[in-house]
Structures are given as C-alpha cells and as structure tokens.
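Use these hints to put chain C onto chain U, whose structure you have.
Protein sequence lines correspond, in order, to chains U and C.
Going by the UniProt record's numbering, the first residue of the first sequence is number 1, and it counts up by one from there.
Going by the UniProt record's numbering, the first residue of the second sequence is number 1, and it counts up by one from there.
Treat the hints loosely; a few may be bogus.
Here are the simulated DSS-like cross-link-like pairs (lysine-lysine), alpha carbons at most 30 Å apart as the crow flies [claimed, not checked]:
| id | chain 1 | residue 1 | chain 2 | residue 2 |
| --- | --- | --- | --- | --- |
| 1 | U | K430 | C | K375 |
| 2 | U | K326 | C | K210 |
| 3 | U | K336 | C | K210 |
| 4 | C | K52 | C | K35 |
| 5 | C | K193 | U | K430 |
| 6 | C | K375 | U | K431 |
| 7 | U | K102 | U | K164 |
| 8 | C | K379 | U | K430 |
| 9 | U | K430 | C | K210 |
| 10 | U | K587 | U | K431 |
| 11 | U | K505 | U | K540 |
| 12 | C | K362 | C | K64 |
| 13 | C | K193 | U | K431 |
If you anchor each label on the Cβ, the simulated ranges turn out as follows [what the hints assert, rightly or not]:
| id | chain 1 | residue 1 | chain 2 | residue 2 | range |
| --- | --- | --- | --- | --- | --- |
| 14 | C | A195 | U | N443 | 18 to 24 Å |
| 15 | U | G334 | C | L230 | 26 to 32 Å |
| 16 | C | Y331 | U | Q448 | 34 to 40 Å |
| 17 | U | I419 | C | P207 | 18 to 24 Å |
| 18 | U | F344 | C | K375 | 55 to 61 Å |
| 19 | U | Q448 | C | I377 | 31 to 37 Å |
| 20 | C | S220 | U | I419 | 20 to 26 Å |
| 21 | C | F328 | U | Q421 | 41 to 47 Å |
| 22 | C | S220 | U | S581 | 36 to 42 Å |
| 23 | C | I377 | U | T220 | 30 to 36 Å |
| 24 | U | S581 | C | K193 | 47 to 53 Å |
| 25 | C | L230 | U | A486 | 50 to 56 Å |
| 26 | U | L394 | C | P207 | 43 to 49 Å |
| 27 | C | S105 | U | F407 | 49 to 55 Å |
Simulated from the structure, these hints should not be mistaken for laboratory data.
Please read all numbers here as calculations on a predicted model, not as lab measurements.
Built from N, CA and C at the ideal position, the CB exists for glycine as well.
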Amino acid sequence: MQKSIVSFFWPTDLLNPVSDHNLVVVGYKLNSQIVVIDYVEYSNFKKLNLKIEKNNLCLEIIGIVNFHHLNYRNFKFDDRTNKPVMESHENLILFKPPLSKKLEYYSINPISVDIFWTVTPQDVLPCSRTAPNKLGLHFGTPSKTRDLEDVMKFINLTEYTRYKLLQSHKTKTSLYTDTIGHCINWIGSFVLLLYCAAFRPICKILISVLSYPLWFNPETKTYVTLSTCSFVLHQLTFRAKQFHHLPIQFQRLRNSNYETEKLLIKGTRFSPSEYIKFYNSLWLILDDLLMGIIVSNLLSKYHNLLVQGTNALILKFEDSLLYLVKWLMNFPGGFKLNNELAEFFGELFMWVLDFWNEYVLRTILNNSSTIIRAITLLVNFGGLSMLIASIMDLLDLMSLHLRCFYFASTRVFNWQWHIIQSLFRLFYGKKYNILRNRIDSHNYEFDQLLFGIIIFTLLVYLLPTVVAFYLNFAVSRLLTLFLHTALEFVLVTLNHLPIVVLLLKAKHKERLPGGVIFECRTTVNDTHYFQLMARPLSLKEIIDSHIRSMMIFNLNNLQEFQRDGSKANIQDVVNQWNRVSLVGVLKNIALGNFINSFDYKRLF
Amino acid sequence: MDSEEDSSSITSLSERVEDVKAPKKQPWKKLLWYKQDYEDNYTDASFLSQLKRNSTVINYSYWKLLSDFTLIVLHLSIIMLVVLVFYGIYRLNWNPLVPALLSSSLTALCFIVYVITLKIRRNRELINLQKLKIEQLTRPTRYSKFNSSKSLPPSRSPSPFPHNLELTSKEPTLDLERYLREPNSPDLFNTLKSAILILLTLLTFSPVLKSLTNSTASDSIWALSTWLCLLNVLFHDYSIDFSHTGRQSETLNFELQTSNSNLSKNISLSNAIVLASRLNSNLSAFCFIVFSIEVSGLFPVFNNFTRRCQFWAFHWFQVVAITVAVDFAVYKIFGVGWFLLWVGLQFSIMVIGPWHFIMLQKYKDELQGPWDPAKPIFKTI
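Bound conformation, chain U alone (with noise of 0.2 Å):
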C-alpha cells in the first residue's frame, strides 16, 4: 500500500540546527501538511505551554533533532545542503517565514490596491472572476484549496506563535522596554487626540460649506455646490477632507499590528491596504506642500517676468480671436459663403468680442500683478495642486466668452442639420415615423412639399456659411479641452498617486503578495525540494486595482451630487470616463452635439 504524500513546510532559518543539545520540533499538523514552527530545547520542553490561545491553535510535536525517542520521528540534516532528509514519499517545502511586524505576509490571492476612504462594496464592480467563484458555490472548494488556505494562515503566523512560545518558557520581561513602549503609545494618543478635538471640527465645517448644495440642475439632475464652481475650491474641499480621514487612518494604522494576527486566526478576510491608505495621503500632502513652496518662492522670484508675459500673452489673444472673425467674415480659404449672413454672424461676435475685452480682459490686465501675488500666496499654502486648480480657473474664466459662442453657434448648426436631413426626407417623399422609430413614404399635400422645398432650398444654401462658423468655434473648444483634460490629469496624479506602493513594489516587496509560487530544485545530493516563493504584485495588477477602487471612489462622490430618487450606477462612471475619447468627441463635432470632458469637480 502506498502512503499518501506528506508535505512539509520547513522555515529556511531553521534547516541545519548548530547547537547539539536535545532540541523538539514544534509545529501545525494539518491532514497531508506538516508547518514546523519553531524548535524548543528539550529542557524548557516540559514547561511549555502548547496550547497557544483561547483559540484552536494547538500546536504538536513534529519531531526529534539529535536524539532518540521511541514515539517521535528523528530528523536528520544532510551536511553538505543542510536540509533535512525526507522519505520518499514526503516532500519539502521551503520557505522564508514572513515578518508580521513589518506586515510581511503570504496570501493565495492577490491583494487589492485601495488608497481611497471610502469602502468597497463588493457587487458594485462587475467581477470578472465570478465563474470560478460560481462553480465553487454549487461543489464547494475542494478540501486540498482549503488545506493550503490554512497553511498559509499558519505560516503568516509563524512569527506571531514563536512570540507567544517565547513568552510562555521567560519569566522575566524587560521592565525597561516596556515603559518606553507605554509612553509612546500615551503621547501618540494624546496628539490624536489635540488633533481631534481641535483641528477635525474646523474641517468638517469647511467641507460643509464647500458642499452645501446650492440648486439643483434639472436637465443633468445632479446639485451645484460651491466647490463645483471651481477647481481651486474643489482643491480646499479635498484638502479637508484628506485632513478629516487621517485619524481614522492612523488609528487604523497603530492597530495593525495586533489587529493581523487576530484577524488571521478568525479567518476573516484582510486586506493590508489599510495602513497603506494612511502612509499614503501623508506623503502626498507633504509632497503638495512641499513642491508648493518651492514653486511659490519660484513664483515670487520671478514676478515682474510673469506679469509682462501674462499681459502679452491676454493682448495676443485678443488680436487672434478678433482676427479670426475677421477673416471668417471676408471669403475664408477661398471659399465662398452667403455674404449676408457671414456679415450678420460676424457682426455679431465682433460686438460680443469688443464687449468682452473691454470690461473682462482689461481689468485682468491692469490687476494681473495683484491676481499673480495672490495665487503665489495661495500655491505657498496650498501646494502645487492649486497652482494647477488656480490656472485652470483662471483659463475658465479668460474664455468663457469662447464656450458661448461654441454654444450658440452648435445649437444653430444642430437645429440647420436636423432641419435639412427631415426635409430631404420630404423630397423623396418620405416621414421618419415616431411611432415606429423608422422612415415611412408619407402623401405630402401639395403646400406642405412647396413650403417644405423653399425652406430646404434655402437651408442648404446658407448650410456653408454656418459650418465654416461652427467648425471655427468647435476647433477653438476642443483646443481649451484638450488643454484642460491635460491639466486635469496632472491634478490626478498628485492627488491620487498611490506612491507608497509603487515605492514597496521597488523596495519591499513581500509586502504587496500577489499570489504563491512553488519553485522545484534540485541539490547537489540530486534531492528535490519545492521553494515557497511569495509572488509580488505586478504592475499592471497594482495599475487594474487602483483604477477599480478610483472608480469606486468616483461613483462615492457622484452619488453625493445626486437627489435620493435617482441614483448612478458604475456605467455613469463608465460614461463619463468614456468621454475622453478623440473619435467619440468628433462623431459629436460632426453631428452638432456638444463636446465635454469628464467632470472632474463631481467625480473627484
């Protein structure tokens, strides 16, 4: 009869023992899985205490080193690759024990990459490994995925129980080292607690200032707050609220430790990435702040310069602009157009235009040193983020004169299309059938095909006019959007960076487990034994799962915007992402829709 294959996990810092006394091997036995521990002197052997916690952790008897007993197994090392020699029919595997206190651990699954606050629902994302998931629902995991769930749970262990076997044969513990243990804990509580008390409320009170909902839009049904308004209030409100969130990231974080290993012998599900939250919107705001006042000082260095170059750049932009109508009015690129009309729309923004530079940009010129000085102030504060978030509005601001004449101008070239493309229906004697959402031969009255044919005719006469007019606008709108989504990302990455993984991807890796990997070497003896190897996460899983948990953090924020009737899902999310997509913002140019960008100050 064959005997079933045994396995054994041997820690690699306990292969060749070099003392000779009489050492016990302890460890886990599982059904074909032996976890060896630790080694205990057979002197201190008689006081342990084997019975670890309240728990079922219980430790056994694995085996005998450099002795003879009648009921244990002795294990013998083989000199020259200091391993421990198996039968044939067991198998050994290695492995390095992880360090729990500096969160080193092994996990079958890979680990997913959450820098945000809020909590991740588990059905909000469609989960792309539910068939596996499903056909374990109805079988049940099979016994040999759940054996090597609890080795690993052992093994994460390995730390923690050589602590507590430590602990059970010393009497004495260095009074010394736990004073000071207990003052840092006490001063650390009583800074959370200053900070609580005294710094949180005024941020909570900002926040909901920012975010008091002003009026509600019915056409996007979603409210209009103050920090929609603009970028640089949008930047205070997630200043606070990144402010607001970290003591509840810190505690989290000071609990970590113990809080592991309990949660490893319950079983339950954990996720690291709590500490990794907390580590990581420190750095980033030290990192805002710090940048912030480099730049400031860079800013005020160079004050004069930037105020002659703001002003020459507003005065070229004005010439330019009224250039272009300019030349929109006067036979543009050769081709002819309804000199009527032209002469009336160019009129009509050259009025606009003049109007504009006469109120708007000319107290923008004269104030320039003023408005410089005082975002200078604000980035020394505020940080990097609000020198981009004040560019942006003030980029807003300069060409909201442009968005109107984008806005009127698409709605006249929408109407003309729709208009002409019903009317060339009537032609050849066909209705577009509401009822039926198709196109029907329709009897026209005599009256209706004659007035219908001089509108059509006139239409498509002044069609080029128009175009040229609106193709002019669009081309100028998508150049500030293109301008503005670039801005927008850079905002991203400062505000959203998960740094701190990407720092432990390059520096600690067995802090990130993406999966196990079981290696198969030979000795020198040709002997073969397995490597437990812990997987590091990838970067593109690292990059898949903070782009998930983003969208999450997206679909949070969204949902605060809306009323309680309507409430988004993650395809609006989708959506909006899916606006920055150059052949979906042309197909929109060419049909006279308008074009957008994804809304930055709602999803963020």
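Showing chain C alone in chain U's frame:
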C-alpha cells in the same frame, strides 16, 4: 420539347413492357416529399405545364401610344415655358408682373372649373347610388348574389359599381357617401388659407432668395439648372393612365389613381428657386417663383383631373395650345435654329417614339411561373 417527348415515349414503352411484370405506376405528381416510383432524375412531360411565356404582353395600338407620348411632350413644353419666362425676365427685361398675373388669373379660373366639375360629378354619383338602392329595395325576395345579378336590368348609365353591390344591409339608415368613389371637392376655405400662406411666405423670403447665390458664378447656376431640368424629365411620373374605363375587365376595380412620387415637382420647384436667385429685384424673384409654382406644380394636377374626368376634347385643347404657344415663343426668342431643333425633338418623341416602342415588343421574352411571388387579389365591397 423533343427530348421530353422522346423520354415520355420511352417511359411509356417501358411502362408497357413493365406492365407485364409489375403493376402500373401511379401518374407522376409534382410533389417534393412524396415517395414515388420514379427515379430521382425523371422529368415528366407535365413538368413545365405551368410555365407562362409573355403573359403580360399587351398589344399596343399605335394611336394610343401616340396619345400617351404626347404627355411627355406636354411635360417638356411646361419646363421649356418656365425657362422661357426666366430668360425673358432676366435677359429681355420683361415686366415680371405680367406672367405672374396671367398665370394667377388662369389658375383661379381653372380652380373654379375644377370645383364645379367635381361637385357635379359627385352629385351624379350620389343619384346613381340612390337609384340602385331603390331598385334593390323594390325587389320582392333576396336570392343569392349570383341570381340577383342576372335579374337586374342593365344599367343605363355606366355605373362604376359592380352589379352585386348589396345596399340593403342591416342598418336602417345607410350612409351612401361611404360608397362614393369620386373625391370630394376641396374645401374652399382651406385652399384659400394655404394659398395665402404660401404667397406671404414667398413674399417674406424673396429678399433672402434673391441673394442666396450671390457669390456663386452664373455658369454654375446654369449648369445646376440644366441638371435639375434633366432630372425633372427623368423622374416625372408619366404612368398615370385614365383611358381604361371604357372596358371593364374582370380583375380591374376602378380605383382612383394618384401619383405617389412627388420627386419631379420638388425638382422643378428647386429649379425655380435656383433660377430666381439670379434675378435683380425682389419683385421679379417673387413673381417668377409664383409663376413657376403655378405652371409646373398646379398645372399637372389640373391635367390629371381633366384626363380622369374623360374631358378628352379639353385635354387635347390644353396640349395643343401649350405646345403651339411654346413653339412660337421659342421661335420668337431663340431664333430659327433652336426652333427647328425643338420641333424636331417633339416630333421624334411623338411620332418615332411609339413606332420604336412597338418594334421592340417582338423581342420581349418574359417567363412567368409558379415560382413568382403571388399577387394578392383584393376584394372590395
């Protein structure tokens, strides 16, 4: 055919030979899934018995074709008339009010005639129906429909209704107007309203229309107009034929034939608008468009009406008058050369066209069979 006969004779021979040995085969049936005694590639003599060749060949009569082709000539003359008037206003500085007023007064006159004629015809039909109803009511008993059709006296006036029209139905008060086939005369108020609307719209838009193509060169406008005229000739619906009512075929129900395709009207209107944008003053643009609408939009309706009401003398009068007037105008304005060309074109269409058409009939080879989609027969009343 020969091979089929041979094969049939061979099979019959084989049949006689096999008669001695085996029982007689069932006659071959044209059924797909039925297991028969014949081999798979057996071709029976009766296989193509449902094939019809050239069943839709009509024996055309030359004079009938001639009268149909005159419709084409009429349409061409109308288009030429519009072009002539435009040329007159544009080049020869005619007073634009003259053609407009002329055509408007003629239109008003013809409209009055139209309304009166329609009213008369409708009343006559109503009277006929009532007579029929009275005849049916005074018959003692009701036999089957076929018997009653035989016992009816022959109708005096050509009644367009089938003889088996059952008017004595269950309800006591019968709305006879349901069975009328003549269309109602147009509502005067509505017509006046839409006419005024169109006129006022045109008046309002005439400055815009005048300067619509200011920046386009004249040559492109002439080219565009030529293409539009050509398209107009091509897409016009010449197929309305009202001369069948003399004979009553068993499958033909007398239906009101209307033109479904308005494409040619639309094209002629666009042509008029395009041309009008070359004129100098608002008034001339407005007058020209009104004239063109009336001539190329409303006149064909009137002509259709004339032909439908079988006023053949009036119809021929219209045709001859317009053609001769256009010929004369061409001669006067464009000169002898163009006149000869124009008359030659008309002649070739009217005289040579039908002859060519009949000559081509002998090349007709049309197959019809049970594989064609079935034509549903509508039963009315």
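These are the hints, each one checked on the structure:
1. U/K430 x C/K375: Between U/K430 and C/K375 the Cα gap is close to 25 Å, so the pair holds against 30 Å.
2. U/K326 x C/K210: Cα-Cα ~25 Å, so holds.
3. U/K336 x C/K210: 16 Å, holds
4. C/K52 x C/K35: Cα-Cα ~28 Å, so holds.
5. C/K193 x U/K430: 25 Å, holds
6. C/K375 x U/K431: 27 Å, holds
7. U/K102 x U/K164: 17 Å, holds
8. C/K379 x U/K430: Between C/K379 and U/K430 the Cα gap is close to 28 Å, so the pair holds against 30 Å.
9. U/K430 x C/K210: With Cα atoms ~29 Å apart, U/K430 and C/K210 stay inside 30 Å; holds.
10. U/K587 x U/K431: 25 Å, holds
11. U/K505 x U/K540: Holds: U/K505 and U/K540 sit about 12 Å apart, inside 30 Å.
12. C/K362 x C/K64: 18 Å, holds
13. C/K193 x U/K431: Roughly 24 Å separates the two Cα atoms, so the pair holds.
14. C/A195 x U/N443: 18 to 24 Å: 20 Å, holds
15. U/G334 x C/L230: 26 to 32 Å: The hint (26 to 32 Å, Cβ to Cβ) holds, given that U/G334 and C/L230 are roughly 30 Å apart.
16. C/Y331 x U/Q448: 34 to 40 Å: At 39 Å between Cβs, range holds.
17. U/I419 x C/P207: 18 to 24 Å: At roughly 20 Å between Cβ atoms, C/P207 and U/I419 fall inside 18 to 24 Å, so the hint holds.
18. U/F344 x C/K375: 55 to 61 Å: 58 Å, holds
19. U/Q448 x C/I377: 31 to 37 Å: 34 Å, holds
20. C/S220 x U/I419: 20 to 26 Å: 24 Å, holds
21. C/F328 x U/Q421: 41 to 47 Å: 45 Å, holds
22. C/S220 x U/S581: 36 to 42 Å: 40 Å, holds
23. C/I377 x U/T220: 30 to 36 Å: Given about 58 Å between the Cβ atoms, the range is violated.
24. U/S581 x C/K193: 47 to 53 Å: With Cβ atoms ~52 Å apart, the hint holds.
25. C/L230 x U/A486: 50 to 56 Å: At 54 Å between Cβs, range holds.
26. U/L394 x C/P207: 43 to 49 Å: 45 Å, holds
27. C/S105 x U/F407: 49 to 55 Å: 51 Å, holds
Hint check: a violation occurs at hint 23 only; the rest are consistent with the structure.
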